[in-house]
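Make the full structure from the sequences, and use the hints.
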Amino acid sequence: MKRLIFISISVLLLAACTTQKPLYTWENYETTSYNYLKNSDEKATQELIKTYQKIIEKQKGTRATVPPGIYADYGFLLLQANKTEEGKAMLSKEIALYPESKIFIDRILKILEK
Amino acid sequence: MKRILFLLVVVILFISSCTPSKPIARSEAYKGMYSEKPLTILLMPPINKSTNVEAKEYFHSTLNIPIDNAGFYVIPPILSMEILRKESAYDAELFLNASLNKFGEIFGADLALFTVISKWDKSGLAAKVYVDVEYIFKSTKTNEIVYTRKGTVTYDASVNSGAPGALGVLVNMTASAINTAATKYVDVARACNAYTFKDLPAGKYSPLYGTDGALPAGKKVFKAVLNSKYR
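These protein sequence lines map, in sequence, to chains S and D. Taking my numbering, the leading residue of the first sequence gets 1, the next gets one more, and so forth. Taking my numbering, the leading residue of the second sequence gets 1, the next gets one more, and so forth.
FYI, nobody ran anything at the bench for these hints, they're computed from the structure. Here the structure is a predicted model, which is why all the values come from computation and not from measurement. The hints are all genuine.
Taking lysine to aspartate or glutamate pairs in the EDC-like style, the calculated list, with each CA pair at most 20 Å apart, reads: (1) S/K88 with S/E100; (2) S/K38 with D/D91; (3) S/K43 with D/E54; (4) S/K88 with D/E82; (5) S/K43 with S/E27; (6) D/K102 with S/E100; (7) D/K86 with S/D41; (8) D/K141 with D/E36; (9) S/K38 with D/E82; (10) S/K50 with S/E86; (11) S/K21 with D/D212; (12) D/K229 with S/E27; (13) D/K31 with D/E134; (14) D/K31 with D/E144; (15) S/K43 with D/E82; (16) S/K110 with D/E82; (17) S/K21 with D/D199; (18) D/K102 with D/E82; (19) D/K184 with S/E27; (20) S/K114 with D/E82; (21) S/K110 with D/E105; (22) S/K110 with D/E87; (23) D/K86 with S/E113; (24) S/K102 with D/E82; (25) D/K37 with S/E100; (26) S/K114 with D/E87; (27) S/K83 with D/E82; (28) S/K83 with S/D106; (29) S/K38 with D/E54; (30) D/K102 with S/D106; (31) D/K86 with S/D106; (32) S/K102 with D/E105; (33) D/K204 with S/E100; (34) D/K141 with S/E100; (35) D/K184 with S/E47.
Below, the structure is given as structure tokens:
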């Protein structure tokens with residue numbers, strides 16, 4: 001009986017206390033993307049690019065994969081910097097990892113071809 | 001005696017870990033989320049009715065993380081923002097009551113998320129930020145609202161430096177003032193999002209997908225006091 005109580009208490013405690021590990025980790029994405037949206041200058045762009053690279057290289061989330069949108073937005077910044085081939089490659093990676101992005105990303109790739 | 005104590009602990013744990021008095025199940029509160037099983041979400045540029053011009057960016061740069069981490073696919077936020085700007089759809093208010101089918105076609109979005117910031121006021125001395133924000137997820141297929149919550153948030157940006165005594169108070173005051181002025185309004189938006197989306201049904205990439213329908217939904221209209229420790 002005591003054992004049962006002990007177990008139920010432990011379970012309850014665990015359920016209440018564990019903070020679940022997130023699916024993805026994001027480095028300082030919020031701040032760097034804010035700076036980019038607000039200022040969109042060279043410094044902000046470079047910092048956001050660095051953030052993307054870190055997110056891609058090091059994922060500590062439970063899915064252990066690059067989060068949605070990262071390859072695509074990274075690719076977009078590369079395209080803006082006239083790194084067309086690299087940028088396109090990143091967009092294709094987004095589709096490969098997240099097929100549901102195909103409708104939108106294909107549209108972007110088509111615009112680029114024109 | 002021991003047993004009574006144990007029982008008491010169990011009861012207290014139950015009460016603290018469980019729900020408000022009249023919880024509605026998520027599957028009931030957010031029917032469309034469970035019947036349509038959306039995966040892709042387009043962030044509409046936040047609608048800013050507050051007096052703080054930057055509130056729009058604070059929210060746009062913090063919205064994708066909690067939604068992605070809940071298991072959904074957020075359409076690339078920077079790229080989609082750029083396209084919306086080019087297509088003169090930067091003012092999302094125009095679409096709040098319009099048909100969203102086009103956004104489904106162009107972006108492959110199942111849902112569009114509208115964010116309406118109606119207040120973002122700072123009080124410098126108290127190091128507080130007062131935010132009124134409403135989140136509305138609408139289906140691009142049916143144009144129905146599938147999830148909506150509205151929050152009145154008081155964000156406490158004061159920093160506890162841990163220094164004791166009269167000097168500590170002084171240190172605390174300056175630390176708070178700097179913290180409010182210079183940094184981390186991004187944290188305010190993040191805390192609002194995190195608090196609101198606590199009851200967002202899990203998306204396809206979450207291990208909880210399809211298992212959380214019976215869990216309680218939060219209040220549709222809520223008040224909360226948050227700080228930077230809130231994740």
